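Enquirer: Next come the chains, spelled out residue by residue.
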Amino acid sequence: MKYMIMTFGDQASALEVHSRDWIRQMIGFMKSLNRELVASGELVSADGLVDPSQARTVRFEGGLPVATDGPFAESKESLAGYWIVDVEDEARAIEIAARIVAFVECPIEVRQVADAPPEV
Amino acid sequence: MAPFEDLLRELAPPVLGTLVRRHGQFDACEDAVQEALLAAAEQWPQLPGGVPDNPRAWLLTVASRRLVDAWRSQSARRRREDTLASLERPPVSHVDTSPDADADVDDTLTLLFLCCHPALSVTSQLALTLRAVGGLQTAEIATALLVPEATLAQRISRAKQSIKRAGARFELPPPSERAERLRVVLHVLYLVFNEGYATSAGPTLQRTDLTGEAIRLGRLLHHLLPAEAEVAGLLALLLLTDARRAARTDADGLLIPLDEQDRTRWNAQQIRDGVTLLGRTLGSGPIGPYQLQAAIAAVHDEAPSATGTDWPQILALYELLERVSPGPVVTLNRAVALAMVHGPRAGLALLGTLDGDERLAHTHRLEAVRAHLLERAGDTLAAQAAYRRAARMTASLPEQRYLALRAARLDV
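For the record, the sequence lines run as chains A and B.
Residues 1 to 120 (our numbering) are what the first sequence spells out, left to right.
Residues 121 to 532 (our numbering) are what the second sequence spells out, left to right.
Because the hints were derived from the structure by calculation, they are not lab data.
In this text the structure is predicted, and so the values were computed from the model without any measurement.
Some hints here could point you the wrong way.
Once the Cα atoms are required to be at most 20 Å apart in a straight line, the calculated EDC-like pairs of lysine to aspartate or glutamate come out as [unchecked claim]: (1) A:Lys2 <-> A:Glu42; (2) B:Lys284 <-> B:Asp151; (3) A:Lys31 <-> A:Asp21; (4) A:Lys31 <-> B:Asp372; (5) A:Lys2 <-> A:Glu36; (6) A:Lys31 <-> B:Asp151.
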């Protein structure tokens, strides 16, 4: 079963409020976690997104798609990064997410990736 | 990598060239060679000695058969569809086993120009070059570029259609277009290298060795065009930059700036190769941006330490580079050199001229350089703010972390 584990907010703010040591530990933690998920064959993909201040939003306005800079205001709700893992069950996905949460101390969302309808 | 894989990749362009010259239809031939390479990777390890007696003839025979099979099934389908046109070609009756060195040189060069055809997008040029000239398999290229294999296969197939639509033929570009077309080829090799070197995407995924591949293709091109000074300049630049790779990141993949790198970890042999090549090249032809960038890299590589670097020389080279190939990134780099020679305030003043430059609006580099210079000028608070602005702007995770750490280091 595939799950997407999502982190929100912006990395930059998190990095700004933490000490050098914490940043170094965080880098080491992410690296070893990802290495472990590759080794266990569970990692499908993982990416971090650039800062939300670099985002553009495309809206439908007056009958036309219009691109604007931002959003700037609600960066707490912006997707910051994700892992997609292929795991035995939901409990394992939550276990992985729990380790990340224990480190970053911010809420993380775990959601199953929808499947195609079963063949039989 | 198994030794026969190097051989396979060396043989890929001449075999493809021979096939295209014989049959036309670059796109079908390219597919056939790709299939032959896959077949070789499967079957050769089972042969005594691991390689057939005449590997080139083996590949050519298998690729020719695949090509004929493809035409047969295509024409069978057409007959079923009740069309009149027959695409059947005469079956391949003989196989060339005697490679003609001159034809090989022309073929490989022609292939490179074709893969870097101006009708293609840069991403397509890159993918097609890696496959048709680099002899890499679709899956390997996909892994290296961090895209799904199906996406990459489609990109390559569309690229070949675009070449066909543009009416490109399998021949060297006419002399009037050659310089411009060579410029595109060099740019593609430079980008292949950067894809591998910058590792700008994903936090974890390993890239196959694109830097090594760019250097291999650079050597190949230099071998094909030994008199082109900019080709040699690019190869020297790649060698001299890649020489610092091992010292460039720490165990956690965190970037280490040039002035803090452990220079004993630089690749001395590669530096010697790059410097020798550059020495032979400078003055042999018109000076160009790659030779100048290689010359700058050589000054860094030969310096015993950051402070022992010949900064006036680097500044002079950047001034020359700005005249030959002006652009905001060159100015940015000149500001760093200027700061090293005349102090951080002089560098900051030059950076001021770049404020509001649209071309730098979406890169972190202006703020990152400003931050370094402010730090050197002792303006800690402003430096920290600039590091943080840069951290928000960069598209590279390792760079974001590096910049955040620099900012955190300035905490009092």
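Enquirer: Please write out, lowest number first, the hints stated earlier that are contradicted by the structure.
Expert: 6
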